[in-house]
Structures are given as structure tokens and as C-alpha cells.
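> Per our numbering, the sequence shown runs over residues 1 to 211.
Hints listed in this document are in silico derivations from the structure and should not be mistaken for laboratory results. Remember, it's a predicted structure, so these values are computed and weren't measured experimentally. Among the hints, erroneous ones may be present.
[Stated by the list, open to error] Here are the in silico distance ranges between beta carbons for each label pair: (1) 117 to 156: 19 to 25 Å; (2) 137 to 157: 44 to 50 Å; (3) 70 to 115: 38 to 44 Å; (4) 116 to 66: 30 to 36 Å; (5) 114 to 74: 39 to 45 Å; (6) 132 to 162: 21 to 27 Å; (7) 33 to 93: 17 to 23 Å; (8) 67 to 33: 14 to 20 Å; (9) 70 to 93: 28 to 34 Å; (10) 103 to 124: 22 to 28 Å; (11) 156 to 177: 28 to 34 Å.
Ideal placement from N, C-alpha and C gives every residue a C-beta, glycine not left out.
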Amino acid sequence: MNVLLAAAPLAAGWSVHGTWMWRRLSAARRDPVTSLPTRDAFTARARRHLRHPHAVVLLVDLDRFKALNDTHGHAAGDAALAAAGHRLADWCTPLDGVVGRLGGDEFAAVVTLPRPGDLPDRLRALHLLLTEPVPFAGRVLPMRASVGAYHCAELTTPDLGIALRRADEAMYRAKQNGGGWCVADVTVPALPTVHGRRAGRRGAERRRDAR
Numbered sequence: 001m002n003v004l005l006a007a008a009p010l011a012a013g014w015s016v017h018g019t020w021m022w023r024r025l026s027a028a029r030r031d032p033v034t035s036l037p038t039r040d041a042f043t044a045r046a047r048r049h050l051r052h053p054h055a056v057v058l059l060v061d062l063d064r065f066k067a068l069n070d071t072h073g074h075a076a077g078d079a080a081l082a083a084a085g086h087r088l089a090d091w092c093t094p095l096d097g098v099v100g101r102l103g104g105d106e107f108a109a110v111v112t113l114p115r116p117g118d119l120p121d122r123l124r125a126l127h128l129l130l131t132e133p134v135p136f137a138g139r140v141l142p143m144r145a146s147v148g149a150y151h152c153a154e155l156t157t158p159d160l161g162i163a164l165r166r167a168d169e170a171m172y173r174a175k176q177n178g179g180g181w182c183v184a185d186v187t188v189p190a191l192p193t194v195h196g197r198r199a200g201r202r203g204a205e206r207r208r209d210a211r
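Take the sequences, apply the hints, and build the full model.
Rendered as C-alpha cells:
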């Protein structure tokens with residue numbers, strides 16, 4: 001009995017420590033601004049969803065976000081990011097989707113769409129949702145976004161990196177056209193990726209901001 005009594009505080013201590021560690025790990029997997037999964041957490045879940053034969057990968061980029069941040073302040077920028085994240089998550093829920101913030105003003109999602117022909121209407125609805133103004137501190141923040149999508153059925157082997165790249169190329173085309181949405185066409189040669197892709201997208205953004 002004495003041994004059990006002595007062990008009780010130790011067990012309680014380990015229980016508290018375990019709970020603390022679990023909370024720390026959970027927090028590390030969540031983006032503090034949007035409460036969405038971080039890039040790493042999203043990637044792990046997205047790879048599992050990609051095995052579904054009707055998986056669609058999306059990339060969302062907030063257009064002119066830097067101008068919004070510079071004009072209205074970082075708190076307003078955080079409010080815009082949080083609103084975009086919540087709206088994307090709400091849109092994904094009925095499609096058995098996973099969503100995450102990749103960093104900056106960029107988000108990604110994987111959804112299940114048994115009828116591919118529904119995708120244009122779904123993307124149109126998502127874009128309208130993302131571009132609704134956001135009330136903030138007595139002001140209204142303008143929201144602009146570009147959305148790219150890729151049907152993963154085109155892949156012979158599920159590969160998240162390739163799917164994200166194709167969705168990113170589609171998003172860049174939407175951005176070049178002033179925003180909106182675009183579905184990747186695998187017959188079109190891939191646009192430059194990595195540094196070339198980023199520079200091109202930001203260059204397009206700067207040209208529009210200068211208007």
C-alpha cells in the first residue's frame with residue numbers, strides 16, 4: 001500500500017507531463033494565425049487523401065495581400081488570412097477535404113469530387129466566397145484571390161509534389177488573368193517552377209498593384 005501511495009504522485013506527474021506534451025505537439029501542427037494545419041501537418045494528411053481516385057488538389061493565393069497588409073496593418077492582414085482560411089475550410093468540409101496554410105498568403109487543400117464535371121461550379125463558388133470583403137475594426141477589407149486546381153486522376157501514381165505543382169501552375173495562370181480560378185490542363189507544358197515560378201507570380205502581383 002505504501003508503495004502505491006508513493007507511486008501515485010509520480011503517476012500524476014507523468015499524466016500532467018503527457019497532457020502538456022500532447023498540447024505542445026497539437027499547437028505545433030496548427031498555424032497560429034488561421035488555426036489551420038501547418039505545411040507539414042497538411043502534407044501528412046494530404047498524402048493519404050491523394051489515394052482517393054477522385055481527389056482534387058487546390059492551391060489558393062491571396063492577390064494583392066502585401067498591399068492590403070501595408071495599407072491596413074499587420075493585424076488587418078492576419079484577419080484577412082484567418083477569414084480566408086476559415087472560408088476555405090468551410091468549403092472543403094462537405095467534400096471530405098483537408099486544408100492547410102503553406103505559408104505567407106498561400107493555402108492548399110485536397111478534396112474528393114466524384115463528379116469531375118462539378119469542379120467549375122465548385123471553384124466558382126469558392127472564389128466568390130474567398131473574395132467577400134472582411135469586416136475589421138470598423139473598416140471593410142477587400143479580398144482578392146487566385147485558385148488553381150488539379151484532377152489527381154491524371155496521375156498514374158499518387159504524388160503530392162506533382163499535384164501541387166500542377167495546381168500551382170493553374171493558379172499562376174489565373175493570377176496572370178487578373179485573378180479567379182483555373183483548372184490545370186496537363187497537355188499544356190509546365191511553367192517554370194521553384195524560384196522562377198515564385199518570381200513570376202510575384203512579378204504579376206507587382207504589375208497589378210502598380211495600376
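> None of the hints should be skipped; say for each whether it holds.
Status of the hints after comparison with the structure:
The hinted range of 19 to 25 Å is satisfied by residue 117 and residue 156, whose Cβ atoms lie roughly 22 Å apart. The given range of 44 to 50 Å is respected by residue 137 and residue 157, whose C-beta atoms sit roughly 49 Å from each other. Range check, residue 70 to residue 115: Cβ separation about 42 Å, and the 38 to 44 Å hint holds. As the Cβ distance of residue 116 to residue 66 is approximately 34 Å, the hint placing it in 30 to 36 Å holds.
Under the hint 39 to 45 Å, the C-beta atoms of residue 114 and residue 74, about 41 Å apart, fit the expected range. In this structure the hint that residue 132 and residue 162 lie 21 to 27 Å apart at CB is violated, the actual value being about 32 Å. Taking the beta carbon of each, residue 33 and residue 93 are about 20 Å apart, inside 17 to 23 Å as hinted. Here the CB-CB span from residue 67 to residue 33 is close to 18 Å, well matched to the stated 14 to 20 Å.
Checking the proposed 28 to 34 Å range against residue 70 and residue 93 shows it holds: the Cβ atoms sit about 33 Å from each other. Between residue 103 and residue 124, the C-beta spacing of about 26 Å keeps the proposed range 22 to 28 Å intact. Against the hinted window of 28 to 34 Å, the Cβ-Cβ separation of residue 156 and residue 177 comes to about 30 Å, which satisfies the hint.
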